[in-house]
Every structure is written in structure tokens, then in C-alpha cells.
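Enquirer: Here is how the chains run, residue by residue.
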Amino acid sequence: MSSLTLIICSLCYLSTLFLIANWAESRSRRGRSSVNNPYVYALSMAVYCTAWTFYGSVSKATTDGIDFLAVYIGPTLSAPLWWLVTRKIIRICKVQRITSIADFISARYGKNRGLGVLVTLFCVVGIIPYISIQIKAIAGSFALLTNQSGTVSSPTFLSDRAFYVTLLLAIFAILFGTRKFEATERHEGMVTAIAFESIIKLVSFVAVGAYITFGLFNGPTDIFARAARLPALSQNFGFDSVHSSGDWFWHCLLGGLAILFLPRQFQVAVVENVDEKHLNKAMWLFPLYLLLINLFVLPLAFGGALLLGTGANADGFLITLPLQHGQHGLALLAYIGGFSAATSMIIVETTALSVMISNNVVMPLFLARPRWRERYGASMSGFVINVRRLAMLGLLCLAYVYYRQVANRLSLVSVGMISFAAVAQFAPAMLGGIFWKRGTQQGARLGLLAGGAVWFYTLIIPTLVPMLLPASLLTDGPFGIGWLNPQALMGLTTYDAIAHSMFWSMVANVGGYVWGSLGQPQSALDHNQAVLFVDVFTYAKTDDSSVVWKGKALLADLQRLLTTFFGAPQANRLLERYGRRNPQVATLPYAPPQLVANAERLLAGAVGAASARILVSSVAEEEPIAIDEVIRILKTSQELKQVNKELTRKSTELQHLTERLSEANHKLQMADQQKDDFLATITHEIRSPITSIRALSEILFDDDTVDHDTRRQFLGTMIKESERLSRLVNQVLDLERIESGKQKLSLTPLTISSLIRDAVDSVTPLATAKYISINVQTNCRELTVLADADWLMQVMINLISNAIKFSTNGAAPILLEATCQTDICVVSVTDQGIGIDPQFHELIFEKFYQTRLAHNYTPATDLRKPIGSGLGLAISKRIIDLHGGNLSVSSQPGIGSTFTFQLPLLNTT
Amino acid sequence: MATKILIADDEPNILLSLEFLMKKQGYHVLIARDGGEAYELIVAEKPDVLLLDVMMPRMNGYELCQFVKTTEGYKHARVVFLSAKSKEADVQKGYDAGADLYLPKPFSTRELVAKVGELTTP
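Protein chains in written order, with full-length UniProt numbering: chain Z, 1 to 909; chain X, 1 to 122.
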């Protein structure tokens with residue numbers, strides 16, 4: 001294949017990426033985000049799989065069997081923990097506008113500049129080799145495809161293709177990574193392109209793997225069966241070949257920490273995160289991706305070794321195997337896959353690092369010098385972007401130099417592991433920072449320095465042997481001191497180099513962190529940030545953290561500062577937005593602490609926490625804030641929240657009370673109305689008999705000529721009306737006694753049968769007058785109920801006389817039934833009188849219901865003037881209720897009615 | 001021809017006394033035991049004087065009075081309410097319906113006889 005074809009293909013691929021990024025950004029400008037989706041998020045996390053995965057895993061598997069899997073098992077095992085760790089980091093970064101891991105550590109530990117610089121330095125030193133192996137991978141695969149030897153042959157960089165590849169990548173990385181000024185703004189284009197690259201590398205790897213496994217061999221079983229016959233390969237089948245379980249532990253841990261703290265992983269997983277919820281899906285999608293891309297690693301490794309011999313350059317199997325079998329297209333696909341793995345890593349990694357360099361190293365340095373600030377102040381945003389561009393270019397050039405000098409001599413995997421071990425040094429400061437409030441600046445610094453020193457001594461120094469350092473260093477130790485041997489500190493020889501370094505660096509790092517943290521008291525700012533980070537879910541709203549600022553700045557100064565960085569229109573918009581929410585601001589010459597803190601956070605998004613701190617303190621007079629005051633302020637805001645909650649609760653309660661009160665009031669009004677109605681009805685009922693009595697007596701008094709019979713009739717009527725009147729008065733009084741609860745029943749055991757007999761005896765004259773007989777049926781015999789004799793008799797008489805009243809003369813007999821079951825006695829009175837329409841079955845038990853019907857006349861209530869007061873049933877019902885029973889009716893008009901009541905039987909046993 | 005007087009009340013004993021009283025005065029007495037009967041008698045007999053209870057089944061006193069006072073051919077009739085409703089508002093309602101007199105129960109028979117006499121004197 002010619003170089004020209006390859007160059008054109010690479011350029012086409014990069015242009016495609018660029019078009020995708022452009023498309024995604026124009027979509028996002030129209031408000032249709034393409035990254036607001038858990039699948040894109042998970043795919044972008046797959047930037048974890050670099051050229052190392054693509055080429056290096058195969059080569060590692062050829063020599064060490066399944067050891068290559070450790071760095072994928074680590075992230076897979078740690079994925080469930082993301083819900084605790086990554087989710088919290090995402091929340092903190094959103095609240096604090098943190099844009100890189102250096103910014104995070106600097107902000108957590110008192111917005112300390114030195115820490116930011118230290119972390120950045122560490123990242124650069126640790127990651128440069130990692131970037132360099134990407135360059136190596138591209139150059140190597142290029143060489144393989146164009147049939148040149150895989151080693152660096154060019155004497156000067158000017159004739160080295162890798163140099164031009166580096167420049168090209170730098171241009172593209174700059175185009176992708178530095179379009180936006182404020183680093184908290186997401187790079188939607190970049191993320192979409194990365195997600196696309198993840199698909200490309202997966203597809204190409206699986207395609208080549210499938211081709212070799214199924215095309216050149218008869219499936220994986222064939223490959224393994226044949227590999228088992230070769231001793232060089234069969235020794236790699238098990239776990240126990242080269243590495244101990246201790247190695248496995250440290251390698252897995254390394255992978256688990258790298259997925260969290262590699263700058264590019266931090267960039268895609270935290271900074272570019274759109275929605276915390278995407279994490280839920282990514283937690284299983286990402287491990288799935290790792291599984292898929294590792295599926296063909298072993299078949300490829302063994303297949304390659306079988307076909308090309310165990311001595312061949314295994315890093316290149318993916319390209320050389322298809323090439324040897326004339327599959328140029330497939331080889332090109334493999335090249336593009338590897339290219340995509342390398343470019344995605346380089347783009348994201350250099351973007352993340354450049355933000356660190358500009359925000360945590362250059363800007364604080366620059367801003368601390370007022371004279372520089374004045375000179376370049378007007379075009380600050382342009383300045384920041386240019387710093388980042390230069391940083392990216394510088395980083396790639398450094399990586400190239402490293403590639404030329406060192407990386408060429410090491411395998412892809414070993415360099416990658418060294419980088420992993422470097423970023424793993426952030427773990428104590430990061431994890432301690434979000435879970436341990438006592439972690440301090442001193443602790444973080446001490447831990448990082450100690451861990452970093454051990455890392456450098458145990459992993460970097462040995463790579464300088466034998467070029468810069470004598471070989472005896474690794475055999476006898478420095479100056480012949482054996483226990484200082486960089487690969488066997490304290491005589492620890494059971495681990496491999498990486499595990500050995502991890503062990504000692506973690507011991508030093510954690511030890512330094514804890515010792516430094518406990519050794520000295522925390523500063524106020526340190527403690528303040530500690531509380532905000534560890535309790536981020538409590539102080540989740542951005543406003544809450546602002547209360548711990550105590551100082552004042554002139555509004556005009558603050559505005560000038562914002563204008564410098566964001567331009568006048570945007571600065572004004574920011575202030576206006578704040579002013580709308582807090583109208584009192586406009587009238588004050590000084591910016592309130594909240595606004596100052598707000599501005600600081602905005603600036604932090606652009607230039608980092610430490611730089612923002614410097615900027616803001618240049619215009620604001622900050623009063624020293626004591627630690628207990630910070631706590632007090634935080635507590636006050638907590639209490640305010642509590643009080644607010646309490647107030648809301650109280651007001652809801654009050655609302656409920658008001659509702660209940662108005663309900664009660666309504667009921668009272670109803671009761672009042674009922675009482676009025678009752679009184680009016682009684683008055684009316686009393687007036688009628690009085691009217692008759694008065695009229696008749698006046699007639700008799702005025703007129704002596706009234707004949708004897710008429711006189712007797714009138715006098716008789718007067719007597720009846722008087723009786724009616726006194727009955728009415730008695731009933732009203734009864735009712736009043738029952739309803740007011742004043743009536744006490746005098747309960748005595750009563751025999752049901754004798755009760756019925758007595759009642760029937762007293763109404764017999766009435767019945768006889770209408771030629772109606774009364775039949776009694778009972779199975780109760782000697783059973784007794786506990787009841788008030790007078791009241792119960794009144795009920796019985798009322799029911800029987802009602803039955804008589806509403807039956808026509810000579811009607812069918814009235815049936816009186818009493819049936820006793822185990823614990824209740826049921827008494828019913830049945831007539832075959834006029835009956836009652838079902839719609840009145842409830843109404844008849846109300847007071848004066850008949851009279852009411854007359855008040856509200858409708859054809860359906862066509863009733864004659866009632867016979868009786870209209871109180872009898874109402875009283876009966878209440879009496880039965882008082883006895884713990886129930887009075888009810890069943891009736892059909894024209895057929896008859898049955899009134900039934902139950903009473904509990906007296907337990908005679 | 002004797003003056004026709006209609007007595008409508010759902011209390012039989014009041015009817016008893018009023019019937020006796022009015023016959024004694026020489027009126028031609030018609031008896032109705034509820035609003036419905038009263039209406040039929042009014043339409044059939046066109047009485048000159050109506051002695052009406054207010055609360056009666058089927059048709060109340062106000063309705064009867066309104067019918068008489070607004071219907072051509074009946075307007076000559078004089079209406080006296082005899083009611084147990086004695087509140088100011090009830091009395092006013094009676095006069096609003098067009099009554100000539102409203103006597104709350106229990107009323108004086110002497111006063112009733114005198115007033116009816118006045119009403120029937122042209």
C-alpha cells in the first residue's frame with residue numbers, strides 16, 4: 001500500500017470526525033443536544049481504550065496470557081462504585097464549576113495554587129509517555145502498512161513521518177478542544193466525535209478478530225487447540241504462569257483508579273457529563289464495551305503467534321495478519337481503528353491537560369502580577385485560549401520527543417501502565433477529599449509528593465537504565481545499597497514492577513495524606529471547602545456555597561473583571577440575571593457576598609479555582625473568616641432551610657385547620673338552621689290545636705244557641721286537641737332529652753314475649769276500632785333483653801299504632817314477629833297498609849318529616865295531613881339507637897310496610 | 001244570593017269550627033281539605049271570599065291567592081289568610097300575593113267574623 005493512499009485515508013477520516021463534531025455543535029446551538037443521551041456518554045467513556053488496547057493487548061497476551069485483562073477487570077469491578085464516587089464528583093464539579101482534576105484537588109484543599117501546579121505537573125509527566133505511545137502506534141502501523149520496517153530509521157525528525165503525524169494531530173486536537181473559552185461549557189462536538197471513534201475502533205477490532213478467528217482458523221477452539229501444542233504459548237493459558245495474585249490485585253486496582261482519575265476519563269465522565277442519570281446506564285454499558293473489544297484478543301494473539309512465529313512483533317498482528325493474506329481492505333480498516341483509538345485519546349487528553357496548564361499553572365502565575373494583568377487585561381479570553389493552544393502543541397511535541405528517545409524501546413503496555421500508576425497517585429487526595437472532611441492541604445501535598453516520588457523512583461528511573469544510569473542500579477541498588485533497589489524496595493521482590501511500585505507509592509501516598517492531615521489544624525478556607533465537597537448533596541444548590549464568602553467588592557470593579565474575561569455583553573447579561581433575582585442589588589455600590597462568590601465561580605469555570613481566587617481578591621477586600629464563623633454561617637443556612645421547611649409544614653397545617661374550621665362552622669350553621677326549622681315546625685304544630693280549641697271555645701262562649709249535640713262534639717274535639725297538644729309537648733321533651741344525651745336509660749331485664757303482650761294489649765282498642773286484628777309470632781319464649789321498659793314500650797306502641805293508622809278499615813291483620821338468634825332478637829311489625837315510597841325510607845325517621853313534605857309540595861309527595869305529630873318514628877329510632885340496636889323499614893306503596901328492629905339479647909348463661 | 005265563602009285548611013277541627021261559624025253568619029260555605037280541593041272549588045264555584053291556610057298539601061295558600069288575584073273572572077274574590085306562620089316575612093309574603101287580610105293563628109273568631117263582614121260589604 002502506498003504512503004499516499006494511507007495519508008489520504010487518514011485525512012479523510014479526520015475530516016469525517018471534524019464534520020461530525022461540526023454537525024453536533026450546530027445541533028447543540030439549535031438546542032438539540034446529541035450528547036444528552038446515556039449511550040453517547042458511555043461510548044465517549046470508551047476513550048479509555050486507546051492504541052494500547054488496540055495493538056498492545058494482543059502483544060501482551062502473546063507473552064503473558066490473560067494478564068492484559070487486569071486493566072479491564074479493574075474498571076468493570078469498580079463500575080458499581082461510580083454511583084458513589086463519580087456521581088459525587090460530577091455534582092461537586094457542577095456546583096463548583098470545576099473543569100479538571102487539578103482544579104478539583106486545588107479547589108478542595110483551600111483553593112491552593114501550589115496543589116494545582118503539582119497535580120498538573122504530575123499529569124504532564126505521567127501522561128506524556130502515554131501520549132507518546134499513541135504516536136508510536138500510529139507511526140508503527142503506518143510503517144507496517146507501507147511495508148517499511150517498524151523501527152525509527154530517520155536520522156532527523158524532519159524526515160520522520162511520526163513528526164508530521166504529531167503536528168497534524170496537534171492541529172486537530174486544537175481545533176476540537178479550544179473552540180470554547182469557558183472550560184465548563186461542554187465540548188459537544190468533541191464528545192460526539194469521540195463516541196463515533198469508539199464505534200469505529202470496536203467495529204474494526206471485532207472485524208479483524210472475526211476474520212482471523214473464523215477465516216484463517218476454524219474458530220477459537222481450533223486456535224487454542226493448536227496453541228496448546230506450542231510450549232511457548234501453552235504456558236500462558238493459566239493464571240499462575242508469570243504473575244501472583246498480588247500482582248492481579250494491584251493491576252486491577254490500577255485499572256479501577258485510572259478509569260476515575262485519568263485526565264481524559266475525568267474530562268468525558270465528569271466535565272462533559274450532561275445528566276447524572278446517564279451514569280446509571282454507563283455503569284453497565286461501559287463494561288459491556290470492554291467485554292466486546294476484548295473478545296478476540298486471545299484468539300488474535302495466539303493465532304498471530306501460530307502464523308508468524310512467537311518472535312514476531314505482536315504489537316502489529318492486527319495489521320500484518322490480514323496483509324499477509326492479501327486482505328488489504330481489512331488491514332486498512334485495522335489501521336483506521338488503531339488510528340481512531342489513538343486520535344481520540346490524544347484529542348481528549350491534550351484538551352484536558354491544556355485546561356489544567358492554562359487554569360492551574362499559567363493563569364495564576366500571570367494574574368498574580370498586576371503589571372502583566374494590566375498589559376494584557378483587555379484581551380484576556382483570547383489570551384487564555386492561546387495559552388491552551390500552545391500547551392497542546394507543546395504537549396504533543398514533548399510526547400514526540402519522548403517517543404523518539406524512550407518509548408520506542410518499550411512496549412505499548414508497559415508505558416501505559418506507568419501512566420496509570422502516575423494518575424493513581426491522585427486517589428488518596430480525591431477520594432479522601434470527597435469522603436473525609438479532615439483531609440487537609442498539607443496532607444494532600446505530602447501524600448502526592450511522597451507517592452509521586454516513589455512512583456518516579458520505582459518506575460521512571462529503571463527506564464533510564466542503561467542509557468543514563470548504570471545497569472548495576474537494578475541489580476545492586478544505588479551505591480550498592482540493596483534495599484534501595486528501585487525494583488525491590490525493602491527487599492520486596494514478590495511483585496512485578498508495576499505492582500511493586502503501586503504498593504510502595506500507595507503506602508507512601510496514603511500515609512503522607514493521613515499523617516499530614518492529622519498533623520496540622522485545617523485552615524478556615526480548607527475546612528469550608530471540605531464541608532462543601534463532602535456534604536455536596538446537602539449543599540447541592542450553587543447558592544449555598546456562596547454564603548461563606550465574607551467580603552465586599554465595588555460593583556463596578558466586579559463588572560470590569562467579568563467584562564475582561566467574558567466580554568461586555570455577556571458580563572452585563574450575568575449581572576442582569578443576578579439583579580433580576582435580587583432586585584436590591586442595583587441600588588448598592590457594593591456587590592453583596594453572594595454576587596462576589598457567583599462571579600468567582602464563573603471565573604473559576606474559565607480560568608480555574610485558584611486563578612479565580614486571585615482575580616476576585618484583587619477587587620474585593622476579603623475579611624479574614626474564622627473557622628467557627630464558617631461553620632456558623634453554614635449552620636445558619638442549614639437552619640434557615642430547616643425553618644423554611646418547618647414554615648411550609650406549619651402553613652399547610654394551618655390551611656388544613658382553616659378548612660376544618662370552616663367545615664365545622666358550616667356544620668354549626670346547618671345545625672342552627674335545623675334548630676330554627678325545628679322551632680318553627682313545633683310552633684306551627686302547637687298553633688294548630690290551639691287554634692281549634694280557641695275557635696271552638698269562643699263559639700261556645702259567644703253563642704248560647706248551639707244545640708246540645710254540636711256542643712258535645714265541640715267539647716269532645718277540644719279535649720282531643722288538648723290531648724294532642726300535651727302529647728306533642730311530651731314528645732318534644734322526650735326528643736330533647738334523648739338528643740341532648742341527658743336521658744339515662746334505666747335498664748332492666750325484660751322478657752320479650754311479655755313485652756309484646758303488653759304492647760298489643762294497649763293498642764287493641766285502636767285496632768278493634770278499625771276492625772283490624774293483630775297476630776303475634778315468636779320463638780323467643782323466656783329470652784330477655786336488657787332495656788328501658790317505658791321507652792321500649794313506647795317504641796312498640798308507636799310502631800303498632802302506625803301500622804294501624806296507615807291501614808284501611810278491616811284490612812289484613814297486622815303481623816308482629818319476634819325471632820331470637822344466638823345473640824340478637826329481631827322484632828318486626830308488618831302491615832298491609834298504604835306503604836311508603838322507597839325514596840322516603842330514610843326521611844320518615846327525621847323529625848316532622850310529614851310536615852316538611854307539606855312545605856315542599858310536589859305531586860310525588862301527595863300526602864294527606866299527617867296523623868300524629870311527625871315525631872313518633874324519630875323518637876323510636878333514637879330510642880333503639882340508645883339501646884345499641886337499629887330500626888329500619890322495608891316497604892312498597894300499596895303493598896304494605898315492615899318496620900324491624902334488633903336488640904342484643906341479654907346473655908343469661 | 002248569599003255570599004259564597006270557601007274555607008280551606010288541612011286541619012279538620014279548624015274546618016269544623018270555621019264552617020259552623022260562617023254558616024251562622026249566613027254565608028254559603030264551601031269546604032276544602034287541601035290546596036287541590038280548594039283550587040277545584042274556586043274554579044267551579046267562584047267564591048266571593050276565601051279563608052285560606054298557607055301550608056296545605058298539593059297547592060299552598062299563596063299559589064291559590066295568586067291564581068285568584070291574577071285570573072280574569074276571579075279577581076273580585078277577597079282573600080283572608082289564616083296561618084300558623086306568624087313571622088313578619090310570612091305576613092308580607094301573604095300581602096304580596098295579593099291577600100286582603102292575614103290573620104295569624106290562633107285568631108279571634110270575633111275579629112275574623114267582623115273582618116269578613118267588612119270585606120263582604122260593598
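Be aware that one or more of the hints could be misleading.
Stated by the list, open to error - Below, in silico cross-link-like pairs of lysine-lysine (DSS-like), each with a Cα-Cα straight-line distance of 27 Å or less:
{"#": "1", "chain 1": "Z", "residue 1": "675", "chain 2": "Z", "residue 2": "742"}
{"#": "2", "chain 1": "X", "residue 1": "69", "chain 2": "X", "residue 2": "115"}
{"#": "3", "chain 1": "Z", "residue 1": "277", "chain 2": "Z", "residue 2": "94"}
{"#": "4", "chain 1": "Z", "residue 1": "667", "chain 2": "X", "residue 2": "87"}
{"#": "5", "chain 1": "Z", "residue 1": "720", "chain 2": "Z", "residue 2": "805"}
{"#": "6", "chain 1": "X", "residue 1": "23", "chain 2": "Z", "residue 2": "720"}
{"#": "7", "chain 1": "X", "residue 1": "69", "chain 2": "X", "residue 2": "87"}
{"#": "8", "chain 1": "X", "residue 1": "69", "chain 2": "X", "residue 2": "4"}
{"#": "9", "chain 1": "X", "residue 1": "87", "chain 2": "Z", "residue 2": "675"}
{"#": "10", "chain 1": "Z", "residue 1": "675", "chain 2": "X", "residue 2": "93"}
{"#": "11", "chain 1": "X", "residue 1": "4", "chain 2": "X", "residue 2": "23"}
{"#": "12", "chain 1": "Z", "residue 1": "88", "chain 2": "Z", "residue 2": "437"}
{"#": "13", "chain 1": "X", "residue 1": "69", "chain 2": "Z", "residue 2": "720"}
Said to hold, decoys possible - Covered, in the sense of this in silico footprint (three residues per stretch, anywhere, with C-beta under 8 Å from a C-beta of chain Z), are these stretches of chain X:
{"#": "14", "region": "16–28"}
{"#": "15", "region": "88–99"}
In short, the hints are calculated from the structure, not lab data.
In this text, a Cβ means the ideal position worked out from N, Cα and C, and glycines have one as well.
Enquirer: State for each hint whether it applies.
Expert: These are the hints, each one checked on the structure:
In summary, the hint linking residue 675 of chain Z to residue 742 of chain Z is supported, as the alpha carbons are separated by about 18 Å, within the 27 Å threshold. With a C-alpha separation of about 19 Å, the suggested pair residue 69 of chain X and residue 115 of chain X falls inside the 27 Å cut-off, and the hint holds. Using a Cα cut-off of 27 Å, the hinted pair residue 277 of chain Z and residue 94 of chain Z holds, with the two alpha carbons roughly 14 Å apart. In summary, the hint linking residue 667 of chain Z to residue 87 of chain X is supported, as the alpha carbons are separated by about 25 Å, within the 27 Å threshold.
For a cut-off of 27 Å, the pair hint linking residue 720 of chain Z to residue 805 of chain Z stands: about 17 Å separates their Cα positions. Taking the CA atoms of residue 23 of chain X and residue 720 of chain Z, the gap is near 24 Å; set against the 27 Å cutoff, the hint holds. Under the criterion of a C-alpha separation no larger than 27 Å, the hint pairing residue 69 of chain X with residue 87 of chain X is consistent with the structure, at around 23 Å. Taking the CA atoms of residue 69 of chain X and residue 4 of chain X, the gap is near 17 Å; set against the 27 Å cutoff, the hint holds.
With a C-alpha separation of about 16 Å, the suggested pairing of residue 87 of chain X with residue 675 of chain Z holds against the 27 Å cut-off. Straight-line distance between C-alpha atoms of residue 675 of chain Z and residue 93 of chain X comes to about 23 Å, which keeps the hinted pair within the 27 Å bound. Straight-line distance between C-alpha atoms of residue 4 of chain X and residue 23 of chain X comes to about 10 Å, which keeps the hinted pair within the 27 Å bound. Taking the CA atoms of residue 88 of chain Z and residue 437 of chain Z, the gap is near 14 Å; set against the 27 Å cutoff, the hint holds.
For the hint pairing residue 69 of chain X with residue 720 of chain Z, the CA-to-CA distance comes to about 37 Å; that exceeds 27 Å, so the pair is violated. Residues of the region 16–28 of chain X lying with their CB closer than 8 Å to a CB of chain Z number 6, which satisfies the three-residue condition for coverage. Check on the region 88–99 of chain X: 0 of its residues sit with their Cβ under 8 Å from a Cβ of chain Z, so the three-residue criterion for coverage is violated.
Of the numbered hints listed earlier, those contradicted by the structure are 13 and 15.
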